[in-house]
Amino acid sequence: MTIIKVDNLTKTFRTVQKRPGVRGSLRSLFKPEYQAIHAVRGLDFEVATGERLAFIGSNGAGKSTTIKMLVGILHPTGGKAEVLGRVPWRERAPLAYQIGTVFGQKSQLWYHLPAADSFELLARIYALDLEEYRARLHYLVEIFDIAEYLHVPVRKLSLGQRMRCEIAASLLHSPRILFLDEPTIGLDVVVKQRIRDLILELNEREGVTIFLTSHDAGDVEVLCKRAMVINHGEIIYDGKVSDLRRNYLQTKTVSLKLAVPWEGFSAQGVRLLKQRGYGVKLEVDTAQTSIEQVIAQLLARYRIADITVDDPPMEEIIAQIYLAQTPLSEEGGAC
Amino acid sequence: MLTRYLFVARVAARRQWFYRRELFWRSISMILFMVVFIALWKTAYQVSGRSELAGYSLAQVIWYLGMAETVMLSTSRSFVEISEAVKSGSVAYELARPLSYPLLQLARSLGNSAPRFLLNLMVALLVVLLGTGQLVGSVPGLLAFLLTAGLALLLDALFAVLIGLLAFWIEEVMPVYLIYQKLLFSIGGLFLPLEIFPLWLQRAAKWLPFQLIAYTPARAYVAFDVGELVRGVMGQLVYIGVLSGVLWLLWRLVQRRLVVHGG
Chain C
0 MTIIKVDNLT KTFRTVQKRP GVRGSLRSLF KPEYQAIHAV RGLDFEVATG
50 ERLAFIGSNG AGKSTTIKML VGILHPTGGK AEVLGRVPWR ERAPLAYQIG
100 TVFGQKSQLW YHLPAADSFE LLARIYALDL EEYRARLHYL VEIFDIAEYL
150 HVPVRKLSLG QRMRCEIAAS LLHSPRILFL DEPTIGLDVV VKQRIRDLIL
200 ELNEREGVTI FLTSHDAGDV EVLCKRAMVI NHGEIIYDGK VSDLRRNYLQ
250 TKTVSLKLAV PWEGFSAQGV RLLKQRGYGV KLEVDTAQTS IEQVIAQLLA
300 RYRIADITVD DPPMEEIIAQ IYLAQTPLSE EGGAC
Chain G
0 MLTRYLFVAR VAARRQWFYR RELFWRSISM ILFMVVFIAL WKTAYQVSGR
50 SELAGYSLAQ VIWYLGMAET VMLSTSRSFV EISEAVKSGS VAYELARPLS
100 YPLLQLARSL GNSAPRFLLN LMVALLVVLL GTGQLVGSVP GLLAFLLTAG
150 LALLLDALFA VLIGLLAFWI EEVMPVYLIY QKLLFSIGGL FLPLEIFPLW
200 LQRAAKWLPF QLIAYTPARA YVAFDVGELV RGVMGQLVYI GVLSGVLWLL
250 WRLVQRRLVV HGG
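Residue numbers (numbering that gives the first Met the number 0), protein chains in the order written: chain C, 0 to 334; chain G, 0 to 262.
I should point out that these hints are in silico values taken from the structure, not numbers from a laboratory. The C-beta atom is built at its ideal place from N, Cα and C for all residues, glycine as well. Warning: the hint list may mix true and false statements.
[Said to hold, decoys possible] Okay, the calculated beta carbon distance ranges per label pair:
(1) G:Trp-168 <-> C:His-231: 54 to 60 Å
(2) C:Gln-16 <-> G:Arg-19: 46 to 52 Å
(3) G:Leu-1 <-> C:Ile-290: 32 to 38 Å
(4) G:Leu-1 <-> C:Leu-158: 51 to 57 Å
(5) C:Gly-217 <-> G:Trp-168: 55 to 61 Å
(6) C:His-37 <-> G:Trp-199: 35 to 41 Å
(7) C:Gly-217 <-> G:Tyr-18: 35 to 41 Å
(8) C:Gln-16 <-> G:Ile-178: 24 to 30 Å
(9) C:Glu-130 <-> G:Gly-226: 50 to 56 Å
(10) C:Asp-6 <-> G:Leu-1: 36 to 42 Å
(11) C:Val-21 <-> G:Trp-168: 19 to 25 Å
(12) G:Arg-19 <-> C:Ala-126: 56 to 62 Å
Next comes chain G alone, as it looks inside the complex (with noise of 0.2 Å):
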């Protein structure tokens, strides 16, 4: 029964390759930003006149935002194919499979991200090494890394895939996507390490589910701790749980009001 959904997942996986100009369009994005953002916090650490901030040092915070762009450029944002099958109405060739249609989603979202990981880690860690001439984290870090980045990834396909299916009830998801990107890039402490928001909101986002993504796994390869590491994964788990749950109960309203479109 799992094999099918692997199957689905190495499908996806190869389907990348005929996307290898968007891939190779993307890693040259991921260049620009860091380069952007290398010299952004090298001015900031100059004008400060201090050696680290927030207990991050300069290579150090330029390692993590390489990290946590790797995973937020892996994403797959299977909600643009799920609500364009279902505005289209090609949706109703896989509702008509012998499969579970979330689960689908997901291995294909998965499927998505895996290449994509790859190249990203890869220039990621070549402009990185480049920019500020220094090799931060260590082996376990890495392997840390690895884990929580896995496991950020499926979350976020949970997100992208719910964020789809609301394409059952209204006609433009991208607003929602919009918002909960947005959430991660600010409280999911992709652009800022969480440690530099003041305390309150820090121990606001610690409890939400979006500092899961991109903070996690960076966090985790910078400043590898075992003890903040199965706080992490803890974290991702039981988020990972919630929303399956919230995706079965949705996928069930959807099922008894879906609608069909065109012909």
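Looking at chain C on its own, in the form it has when it is part of the complex (with noise of 0.2 Å):
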């Protein structure tokens, strides 16, 4: 079943153009000049029910303009969309009772109170029967194991504990959708893990619709089936996770602190990056070479005083992806 529907989904913002210098200022003031950002030019896309989609793209693609959207706080310049049946800008505070957003920059609990009033506050708002509301706490604070922090305030948490009650806060009023714009941003390795492994349990026990936007490719890996990849407000890809993985994703970057000078490394899918002094930075395709196999040899070869594996970064795949799919005539020539 279709939860989301867009069509032709479009977003243009104004601005004005500013002029350097006072006198610029001034001309600025009683003759503005006006520029039109294209921020979402014309999406075409469907959601079905259960689905964990990624939405990915680089700074100033358009997700969140996108999310905005679907989530009804900001009206689109043109085109349709249909959230659960609603137009979301037209029926913003009866969709609001189905959907939860968690924008990961951002924090809806209230800084100076235990993560508990807030819950209270928002079950209030939601209008929640406050039985339901007690065994839905019940649950959210188990799975998401936030008993201890329920009654600390807020600004005593760490990010990690403060991102766990922000998703918990977000599945108070049983939402059908949850929109999540980026939610590891700026936790460390094993907290994202969790939060991860938290966002999957919810999908498969409530069927909960996941929209996520991030810039990690380690979120769309593990919790995403199908992807979609906006590049200056239009959809460049479309298509299964395990496709974007096996096309764009299998080469990982090592990085090494060594102990010892540099000798050289020579494997099967394994390249040279950068070398200077005792850093080290490999290119590693996984198709061809496994990490644990050049991790291994490695180790048996030098002193390694630190090493790190890291994901590409999501700008390369996306530059990639938008390569692949402009024909080399629009390239302008290069060789």
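Both chains are given apart, each in its own frame, so use the hints to dock them into the complex.
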């Protein structure tokens, strides 16, 4: 069943172009020059109930603008959208009871009060039945393992603890769709994994549809089955995450800090990206050699002070998809 | 439906407790302010050699000031919070709630004001009583003060939310607030009872909403008069209606051309 339907959705912002200097400012005041920013240009897609969808794009690609239109707080410039059968910007309030939002860089909890107080306020705002609210809270506290932080002022929580409370807060009213905008931003690896597990569990237990935007290739790989890539307001990829992985996520970078001088290293599918003093950066094609093998071989040969393995940055993946889709003739004769 | 907004107000009031240090400093500033003005007015009455100025005795004018300040220092200044939320983009959360955003902000403003008002009132009564050595006012005056002060805080909350919403258009709303504040100080009758002004200015001021916030409650306390009270409350209600209408219109505009900042 289709839960979100988007048809030629467009959003253009109009901003005043600022001219430099005092004279320029005065001129802008009386004779403003507008610049149109096409944040979203004609999106078409559908999301099925219970789906876990990643919405990927670099900064300013139009991800957040799209989410804000789908939850009804931004009016589009053109096009149509239906979320749970409602037009979000016309029926924002009734829709609000059925959707949850988490904006990773913003907080919905009262900074100086314990999370429990914010939860209670939300329960009132969403007009939850008191009995049901208690049961729901109990359930979420258990899953998210936040019992010990519930009565601590939010300002005293770590980012990871706070994030668990934030997500729990947006699930109190049992939404059918959860919009997550960069939920793992700024979290360390262990906490990231924890948050991902929780989101997965919720999706499986309650069938909540997950609409996720992230900068983190890991989030997308672990959490989602389908990915849409948006670039300059247009969808440039819509398909399975497994295909995305096979085509664009198969390389990883291994950064080493050696305790001995670098003497070179060769293995199939391993390429030297950078080497400077004791610092070395390698690119590993995991289709040819596994990361375990490469690390084992490196350890056998070198004394290593530090090692990290990273996914390629999202920007790089997007650039690759973009290049792969652009015919060579449009590249302006690049070699 | 209304209970939700009441609960929002209650949480806001509770939150004030977490800013108790700020509340404490506010009341200290109230004490300093009153001490300075008590000395000023004493000198003014001595120099003039009169026992009444514009119908106010020395004690009355100090009590007037204490009550006017009680209201003024209890205003919520919610435009600060609103404009910051607009600038940082966290306004997105509150916009996504099944509530009316302007009503949410009004409820929060009044919740913020309530505990401040109680504290300021106690401090003002104490300082003015010690400073003048005289108890001015009456029980009907106090009741009239409580009623008009409540309406005054609602009126001010409407102004503050309106100023806060301007943040969707202009980057810095503080200058707008400062203009509003200076109007309250002057033709709002905060520092000087309106009766002291020249007649033409008094007449003009009485048509404007600013005197309804500080002057009306303070006047009702020191010189209780049923006719004046009825006129004051009517004025407050009319302007509450007018500003609610403006707020409704402005909110519609905001929704149409809303820009939510940041990622």
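Verification of the hints:
1. G:Trp-168 <-> C:His-231: 54 to 60 Å: At 27 Å between Cβs, range violated.
2. C:Gln-16 <-> G:Arg-19: 46 to 52 Å: Since the Cβ atoms of C:Gln-16 and G:Arg-19 sit about 47 Å apart, the hinted range of 46 to 52 Å holds.
3. G:Leu-1 <-> C:Ile-290: 32 to 38 Å: violated (60 Å)
4. G:Leu-1 <-> C:Leu-158: 51 to 57 Å: With a Cβ separation near 36 Å, G:Leu-1 and C:Leu-158 fall outside 51 to 57 Å, so the hint is violated.
5. C:Gly-217 <-> G:Trp-168: 55 to 61 Å: violated (40 Å)
6. C:His-37 <-> G:Trp-199: 35 to 41 Å: violated (56 Å)
7. C:Gly-217 <-> G:Tyr-18: 35 to 41 Å: Given range 35 to 41 Å: holds, Cβ gap about 40 Å.
8. C:Gln-16 <-> G:Ile-178: 24 to 30 Å: holds (28 Å)
9. C:Glu-130 <-> G:Gly-226: 50 to 56 Å: Distance hint for C:Glu-130, G:Gly-226 holds at roughly 53 Å.
10. C:Asp-6 <-> G:Leu-1: 36 to 42 Å: Given about 38 Å between the Cβ atoms, the range holds.
11. C:Val-21 <-> G:Trp-168: 19 to 25 Å: holds (22 Å)
12. G:Arg-19 <-> C:Ala-126: 56 to 62 Å: Hint violated: Cβ distance 32 Å, outside 56 to 62 Å.
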